[in-house]
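Residue 282 in the working numbering is what sits at position 220 of the sequence shown, and the numbering runs on without skipping anything.
Careful: at least some of the hints might be erroneous.
[As the list claims (entries may be wrong)] Calculated pairs, SDA-like style, for lysine to any residue (alpha carbon to alpha carbon, straight line, at most 20 Å):
(1) LYS235 / ALA217
(2) LYS235 / SER280
(3) LYS289 / LEU250
(4) LYS235 / GLN68
(5) LYS260 / PRO216
(6) LYS260 / THR277
(7) LYS235 / VAL131
(8) LYS289 / PRO224
(9) LYS235 / VAL128
(10) LYS289 / VAL174
(11) LYS260 / VAL276
(12) LYS260 / GLY76
(13) LYS235 / GLY76
(14) LYS260 / PRO132
(15) LYS260 / LEU165
(16) LYS260 / VAL174
(17) LYS289 / ILE279
(18) LYS260 / LEU100
(19) LYS235 / LYS260
(20) LYS235 / LEU134
(21) LYS235 / ILE72
(22) LYS235 / VAL135
(23) LYS289 / ALA271
(24) LYS260 / VAL128
(25) LYS289 / SER227
(26) LYS289 / ALA217
(27) LYS235 / VAL174
(28) LYS260 / ALA217
(29) LYS289 / LYS235
(30) LYS260 / VAL135
(31) LYS235 / GLY203
(32) LYS260 / GLU133
For the record, the hints were derived by calculation from the structure and aren't laboratory data.
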Amino acid sequence: MDATLQLLSIGSPGWGGVLLAGLAASMQVAFGGFLLGLLIGTGGAAGKLWGGPVLRDLLEVYTTVVRGVPELVLILILYYAGTDAVNQLMALLGLPSIDISGLAAGIFVIGVVQGAYSTEVLRGAIQSIPPGQIEAARAYGMSPLLALRRVTLPAMLPFALPGLSNLWLIATKDTALLAVVGFAELTLVTRQAAGTTKAYMTFFLAAGALYLAVTLISNLVIGMIEKRALRGMARPGGAT
């Protein structure tokens with residue numbers, strides 16, 4: 063027991079600080095990727111609902127390909143091919159190549175993957191809004207942006223939250239896939255610690271506990287957001 067605590071201690075010679083740094087890197091990528099995916103999903107949902115036929119077809123290809131190809135394969139393609147494409151573009155422009163940080167590349171990769179799923183979640187949530195609410199906003203003379211802010215977004219939130227909550231939790235787990243490209247997130251540093259000390263059970267159980275803690279905290283926050291979003295809405299049994 064003493065040896066285990068020593069291995070997991072924050073200070074040297076323990077690896078606890080390294081694991082926490084890996085967890086922090088994982089959360090940065092998950093949060094950044096989730097926000098980027100949400101932005102992509104918002105634009106994608108709007109394009110699928112109100113865009114022209116060419117835009118809708120392009121978005122359909124994007125969502126189909128991303129959802130149809132394994133995420134690990136997508137991460138490898140986007141991480142390496144994406145970085146190479148940026149540097150080739152820089153070369154064509156006569157500019158020196160750039161060294162893209164692992165954090166920025168990780169956020170981009172997770173964001174692109176999340177964006178395809180967010181597109182469908184938000185599209186379905188918008189389509190779940192009773193048409194009369196949108197018509198009432200137009201009847202009151204609201205501009206499209208004002209109607210979006212005051213009617214569409216608040217009305218779609220209860221329908222979108224379950225799907226978006228799942229996507230956030232998936233994002234926190236997908237960061238582990240970045241270990242294959244050498245990004246120092248929680249899974250990679252756990253593997254390094256376990257390989258150095260040979261205490262595989264200790265470190266992988268510790269990593270699992272950290273991921274579980276993130277999930278439990280996320281569920282608490284999500285529950286509070288859902289409670290606020292559902293204020294005033296009718297629930298089964300007539301309660302509000």
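With the threshold set at 20 Å, check whether the alpha-carbon distance from LYS260 to VAL174 stays at or below it. This hinted pair is violated, its Cα atoms lying about 36 Å apart.
Do the alpha carbons of LYS235 and LEU134 lie within 20 Å of each other, as the hint requires? 12 Å, holds
Holds or violated: are the alpha carbons of LYS289 and ILE279 at most 20 Å from each other? 16 Å, holds
Take a quick look at whether LYS235 and GLY203 sit within 20 Å of each other, Cα to Cα. 45 Å, violated
Run the distance test for LYS235 versus ILE72: straight-line Cα separation, threshold 20 Å. Roughly 24 Å between the alpha carbons, so the hint for LYS235 and ILE72 is violated.
Within 20 Å, alpha carbon to alpha carbon, are LYS289 and SER227? 13 Å, holds
So if I understand the rule, the pair passes when the alpha-carbon distance is 20 Å or less; does LYS235 with ALA217 pass? The hint is violated at about 29 Å.
20 Å limit on alpha-carbon distance, applied to hinted pair LYS260 and PRO216: Violated, at roughly 52 Å.
Do the alpha carbons of LYS260 and VAL128 lie within 20 Å of each other, as the hint requires? 37 Å, violated
For the pair we were handed, LYS260 and GLU133, check the Cα-Cα distance against 20 Å. 30 Å, violated
Restraint status (C-alpha distance of LYS235 to GLY76 at most 20 Å): Judged against 20 Å, a Cα distance of about 25 Å means the pair is violated.
For the pair we were handed, LYS260 and VAL276, check the Cα-Cα distance against 20 Å. 26 Å, violated
Hints 1, 3, 4, 5, 6, 10, 11, 13, 14, 15, 16, 18, 19, 21, 23, 24, 28, 29, 30, 31 and 32 from the earlier list are contradicted by this structure; the remaining hints agree with it.
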